[in-house]
Amino acid sequence: DTAVSQTPKYLVTQMGNDKSIKCEQNLGHDTMYWYKQDSKKFLKIMFSYNNKELIINETVPNRFSPKSPDKAHLNLHINSLELGDSAVYFCASSAHGREETQYFGPGTRLLVL
Amino acid sequence: KNEVEQSPQNLTAQEGEFITINCSYSVGISALHWLQQHPGGGIVSLFMLSSGKKKHGRLIATINIQEKHSSLHITASHPRDSAVYICAVGGGATNKLIFGTGTLLAVQP
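Chains as they are written, first to last, in my numbering: chain U, 1 to 113; chain S, 114 to 222.
Some hints could be false.
[As the list claims (entries may be wrong)] Pairs of lysine-lysine, BS3-like flavour, derived with a Cα cap of 30 Å:
no.: 1; chain 1: S; residue 1: 181; chain 2: S; residue 2: 167
no.: 2; chain 1: S; residue 1: 166; chain 2: U; residue 2: 67
no.: 3; chain 1: S; residue 1: 209; chain 2: U; residue 2: 71
no.: 4; chain 1: S; residue 1: 209; chain 2: U; residue 2: 44
no.: 5; chain 1: S; residue 1: 181; chain 2: U; residue 2: 67
no.: 6; chain 1: S; residue 1: 181; chain 2: S; residue 2: 166
no.: 7; chain 1: S; residue 1: 168; chain 2: U; residue 2: 41
no.: 8; chain 1: U; residue 1: 41; chain 2: U; residue 2: 52
no.: 9; chain 1: U; residue 1: 44; chain 2: S; residue 2: 166
no.: 10; chain 1: U; residue 1: 67; chain 2: S; residue 2: 168
no.: 11; chain 1: U; residue 1: 71; chain 2: U; residue 2: 44
no.: 12; chain 1: U; residue 1: 71; chain 2: U; residue 2: 9
no.: 13; chain 1: S; residue 1: 209; chain 2: U; residue 2: 19
no.: 14; chain 1: U; residue 1: 67; chain 2: U; residue 2: 41
no.: 15; chain 1: U; residue 1: 44; chain 2: U; residue 2: 19
no.: 16; chain 1: U; residue 1: 36; chain 2: U; residue 2: 9
no.: 17; chain 1: U; residue 1: 36; chain 2: U; residue 2: 19
no.: 18; chain 1: U; residue 1: 67; chain 2: S; residue 2: 167
no.: 19; chain 1: S; residue 1: 209; chain 2: U; residue 2: 40
no.: 20; chain 1: S; residue 1: 168; chain 2: U; residue 2: 52
no.: 21; chain 1: S; residue 1: 166; chain 2: U; residue 2: 41
no.: 22; chain 1: U; residue 1: 19; chain 2: U; residue 2: 71
no.: 23; chain 1: U; residue 1: 52; chain 2: U; residue 2: 71
no.: 24; chain 1: U; residue 1: 22; chain 2: U; residue 2: 71
no.: 25; chain 1: U; residue 1: 41; chain 2: U; residue 2: 22
no.: 26; chain 1: U; residue 1: 9; chain 2: U; residue 2: 52
no.: 27; chain 1: U; residue 1: 44; chain 2: S; residue 2: 168
no.: 28; chain 1: U; residue 1: 19; chain 2: S; residue 2: 167
no.: 29; chain 1: U; residue 1: 9; chain 2: S; residue 2: 166
no.: 30; chain 1: U; residue 1: 22; chain 2: U; residue 2: 36
no.: 31; chain 1: S; residue 1: 209; chain 2: S; residue 2: 166
no.: 32; chain 1: U; residue 1: 52; chain 2: S; residue 2: 209
no.: 33; chain 1: S; residue 1: 209; chain 2: S; residue 2: 181
no.: 34; chain 1: S; residue 1: 209; chain 2: U; residue 2: 22
no.: 35; chain 1: U; residue 1: 36; chain 2: S; residue 2: 167
no.: 36; chain 1: U; residue 1: 67; chain 2: U; residue 2: 40
no.: 37; chain 1: U; residue 1: 52; chain 2: S; residue 2: 167
no.: 38; chain 1: U; residue 1: 9; chain 2: S; residue 2: 209
no.: 39; chain 1: U; residue 1: 22; chain 2: U; residue 2: 67
no.: 40; chain 1: S; residue 1: 181; chain 2: U; residue 2: 9
Hints were generated in silico from the structure; no laboratory data involved.
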């Protein structure tokens, strides 16, 4: 069984549209994350939730809104998509704590035309 | 200047060679992570360490907290080791990771 899954795997859409990416983990972890990997392959944290509570909110446009309906799910909704939002978005999860391995989803490749 | 620096950025090796990838960081951390990203894009955690040395198969990771430096070694490299290796440091109550820019490794047969 897949530990951290994301849907969709690929997303091609027009500028100005609203889209969502879903993430689910079956590892029983308390903490989930969203990362963005840009065209130069550089990874950066966007958000993190612990037990459905937002604990990390980096400098991300407010067009991006994470939602955690329960601790096994962390979805990312993006409003008014822009060309610069094109990237690979990775979800990850870990047990709660300072020194915990993070388990990554397969990534969602978003292309905004 | 990035808070996490890796070297080299690109590395080409012949099969069987011993490989070293370096990571230096400038922030206080609670743990350092080594990640592997294959051409297909998936990211796998290789090691998480806060002191000393860890070994898994042909991979060895070391960290020197005083010098704020870590190395990832691959012994008897193989073409299937070709990937991007990413160093990331975590700290604070949130376990937020700060990533290096990655090292692209190509192992030729």
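These are the hints, each one checked on the structure:
no.	hint	in the structure
1	S/181 with S/167	holds (17 Å)
2	S/166 with U/67	violated (38 Å)
3	S/209 with U/71	holds (18 Å)
4	S/209 with U/44	holds (10 Å)
5	S/181 with U/67	violated (36 Å)
6	S/181 with S/166	holds (14 Å)
7	S/168 with U/41	holds (27 Å)
8	U/41 with U/52	holds (29 Å)
9	U/44 with S/166	holds (26 Å)
10	U/67 with S/168	violated (38 Å)
11	U/71 with U/44	holds (22 Å)
12	U/71 with U/9	holds (21 Å)
13	S/209 with U/19	holds (26 Å)
14	U/67 with U/41	holds (25 Å)
15	U/44 with U/19	holds (20 Å)
16	U/36 with U/9	holds (14 Å)
17	U/36 with U/19	holds (15 Å)
18	U/67 with S/167	violated (36 Å)
19	S/209 with U/40	holds (21 Å)
20	S/168 with U/52	violated (35 Å)
21	S/166 with U/41	holds (27 Å)
22	U/19 with U/71	holds (21 Å)
23	U/52 with U/71	holds (5 Å)
24	U/22 with U/71	holds (13 Å)
25	U/41 with U/22	holds (21 Å)
26	U/9 with U/52	holds (24 Å)
27	U/44 with S/168	holds (27 Å)
28	U/19 with S/167	violated (41 Å)
29	U/9 with S/166	violated (36 Å)
30	U/22 with U/36	holds (14 Å)
31	S/209 with S/166	holds (22 Å)
32	U/52 with S/209	holds (16 Å)
33	S/209 with S/181	holds (18 Å)
34	S/209 with U/22	holds (21 Å)
35	U/36 with S/167	holds (28 Å)
36	U/67 with U/40	holds (27 Å)
37	U/52 with S/167	violated (33 Å)
38	U/9 with S/209	holds (25 Å)
39	U/22 with U/67	holds (9 Å)
40	S/181 with U/9	violated (37 Å)
Taken one by one, the earlier hints fail for this structure at numbers 2, 5, 10, 18, 20, 28, 29, 37 and 40, listed in ascending order.
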